[in-house]
Amino acid sequence: MRELYSQRTSAEYLDRAAKVIPAGVYGHQGPAEGCFIPVQAFPKFSSRAQGTYFWDVDGNRFIDYMCAYGPNILGYNDPDVDAAAAEQRAICDCVTAPHTKMIEFAELLVDTVACADWAFFAKNGNDATSGAILCARAHTHRKKIVFFKGYYHGVSAWTQKIDYPGILPEDVANNLYVDWNDFDALSEVFDRNRGEIAAVIAQPYMHGNFADNILPAPDFWQKVRKLCTDEGTVLIVDDVRAGFRLDLAGSDHYFGFEADLICFCKALANGYNVSALCGKEFLKNAMSSLTYTGSYWLSAVPFAAGIACIRKMKEMNLPALLREKGLKLTQGLQDRAAKHGFDLHVSGEPALFYLRLADDPSLMLHQQWIANCVLRGVYFTNHHNHFINAALSDEDIEETLDIADEAFAAL
Amino acid sequence: MEPRTLCFINLYAIFGALPKLCELDDEAKALIADKNIAVGFLVSNGPSATLRFAGGECAMYDGVEDCDIKMVFSGPEKFNAMIDGTSTPIPRKGLMKAGFMTHEFTELTKILERYLRPTPEALEDPEFKRKSTTLMFHLIAEAVAQVGNEDTVGRASTGYISNGEVTLRAEGGEAVGIRCVNHRLTAMHTPPREPTAIMEFESMDYARDLFDGKVNAVTGVGQGRVRVLGMISQLDNINRILDRVSLYLA
Chain A
1 MRELYSQRTS AEYLDRAAKV IPAGVYGHQG PAEGCFIPVQ AFPKFSSRAQ GTYFWDVDGN
61 RFIDYMCAYG PNILGYNDPD VDAAAAEQRA ICDCVTAPHT KMIEFAELLV DTVACADWAF
121 FAKNGNDATS GAILCARAHT HRKKIVFFKG YYHGVSAWTQ KIDYPGILPE DVANNLYVDW
181 NDFDALSEVF DRNRGEIAAV IAQPYMHGNF ADNILPAPDF WQKVRKLCTD EGTVLIVDDV
241 RAGFRLDLAG SDHYFGFEAD LICFCKALAN GYNVSALCGK EFLKNAMSSL TYTGSYWLSA
301 VPFAAGIACI RKMKEMNLPA LLREKGLKLT QGLQDRAAKH GFDLHVSGEP ALFYLRLADD
361 PSLMLHQQWI ANCVLRGVYF TNHHNHFINA ALSDEDIEET LDIADEAFAA L
Chain B
1001 MEPRTLCFIN LYAIFGALPK LCELDDEAKA LIADKNIAVG FLVSNGPSAT LRFAGGECAM
1061 YDGVEDCDIK MVFSGPEKFN AMIDGTSTPI PRKGLMKAGF MTHEFTELTK ILERYLRPTP
1121 EALEDPEFKR KSTTLMFHLI AEAVAQVGNE DTVGRASTGY ISNGEVTLRA EGGEAVGIRC
1181 VNHRLTAMHT PPREPTAIME FESMDYARDL FDGKVNAVTG VGQGRVRVLG MISQLDNINR
1241 ILDRVSLYLA
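Chains A and B, in that order, give the protein sequences. With the working numbering as the guide, the letters of the first sequence map in order to residues 1 to 411. With the working numbering as the guide, the letters of the second sequence map in order to residues 1001 to 1250.
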């Protein structure tokens, strides 16, 4: 039996942080939004990271299945990506005139992503999705946007809901909501708002929180694609979370359709801060017309990292590798659960698997099992899909399964 | 802020706190000790409920079918004006018993106000603070239900809450619940037996600080002073409604 991790130092740092930082750690990496249940089980600050591991400030090592919520796809501190970034840093990074790495990166994305005729760079996924909405509205001169319930497209006002703090009803007045996979409902929304819908925005499948993830129904995407084309509506795929984990040509390619605009971030540069919006030729003029930029958006170091990351992902045939690792892990977890008499549901794609112990609908049992895993060195979350990275070895998977076994036994 | 929603809060949460007040406060208890009277409040395009004082206890019921004194209001604004003290309505029924309204009932509302809008000095008395915070728990649970059912933005939050019963409690102190069925909320003045989500404050004092806006719940979660478990999406949405509640109760 493993000794349980202590988070004493983490707690001290969080108290210190809370004095000068709202909530101590805010957002998805913080204890509240990150659903640290119980809070004492989870690390709040890291001290270092390497490959598929990170170490917290108490010296505990974790096999990390959140991968910084997605950016870590090759392994923390990947030598090839870091070398490319270091080489570029010695040349230049944030300069008055952008470096030509920007062109190389755009060319590589256009060659790699099936629907891409151009690439536009920014920093976060939210920049890419917000740029996509601006572009769709600029092109169509329409106001309304269709979302699928359970969506997450960032944190700008247009992505939030009417009841969120700081959001005005006017911010979301042009948002229309439809249930995922309900094409009839989508058609009805189009009927009621004919000629007014600028865009449909969606993740490639429903990877909402607190619920099993749902893949697209057969032909769903193909019907959505046709409807958007027929109605002159821009189809935006938010591939920030799943991008490159399912298909290097884009998750729209994986599901057999073509988006008009596709948003990438997370896995794009293995942790270097860059996002990209790629699109079709007919939207390039609209994108060119936008007043949309940022101080660091054209920095060259993340471009160099992105180029190295994409090249390496291609060499490794990464999506197939991640799928294989994800299947091995999740099947093992389900076996361990069954051994202890628990019903562990696995949903979503293996490279971004979502876990739920179905024995307790309140999720309290699930939260306890997740905490038991974290306390023993496997970093899972109880509310969000997980991420596989290339550095995860068979030995890491075996260790994870041993820990999961102990965690089930401790329930 | 919507006047109709405020009216529901004023009736069900503010007047709805009187039963608990009559349990907790000796002065209130004495005022109703020998009373047997029911006061109905009927608001056009708004709520209707009856407060019954009998057997030394107070209870609230929906509707005004069985009351001795009936107060009728032509709209939510009129009821809210009575709560603000800017209007004094005349009973539609039970004029002969109206003395209860001008004496005992008025006294009860003054005692309630002492607990709900306490002075800093009053809160230095631990027993007073405990009773005041207990009342706040019940008032907030009821106000969450009203805002979640009536307020335009609150209804959006309730629309995201799945069926279940949520417990709000302070360790070693009061506990209340909020039931959600088909996106309608009901306050529970005894905590659920099988909650689907729990929000627990480390103490009554910490709960008080949260209610008074002196500390922040998100920071409290990180520091382990607010413990959450179960269906967090239910708690998330109730927290958004709580944000609206503070607007109405300010």
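In case anyone wonders, no lab produced these hints; they're calculated from the structure. Some hints could be false.
[Unchecked claim] In silico BS3-like links for lysine-lysine, alpha-carbon gap of 30 Å or less:
1) Lys1093(B) - Lys1029(B)
2) Lys1214(B) - Lys1110(B)
3) Lys226(A) - Lys284(A)
4) Lys161(A) - Lys1035(B)
5) Lys1214(B) - Lys1093(B)
6) Lys1129(B) - Lys19(A)
7) Lys144(A) - Lys223(A)
8) Lys19(A) - Lys1214(B)
9) Lys143(A) - Lys19(A)
Comparing the hints with the structure gives:
1. Lys1093(B) - Lys1029(B): Given pair Lys1093(B), Lys1029(B) holds - Cα atoms ~25 Å apart, limit 30 Å.
2. Lys1214(B) - Lys1110(B): Holds, because 25 Å separates the two Cα atoms, which is no more than 30 Å.
3. Lys226(A) - Lys284(A): holds (21 Å)
4. Lys161(A) - Lys1035(B): violated (49 Å)
5. Lys1214(B) - Lys1093(B): Distance of about 45 Å is beyond 30 Å: violated.
6. Lys1129(B) - Lys19(A): holds (27 Å)
7. Lys144(A) - Lys223(A): holds (20 Å)
8. Lys19(A) - Lys1214(B): Roughly 14 Å between the alpha carbons, so the hint for Lys19(A) and Lys1214(B) holds.
9. Lys143(A) - Lys19(A): Roughly 42 Å between the alpha carbons, so the hint for Lys143(A) and Lys19(A) is violated.
Hint compliance for this structure: hints 4, 5 and 9 are broken, all remaining hints hold.
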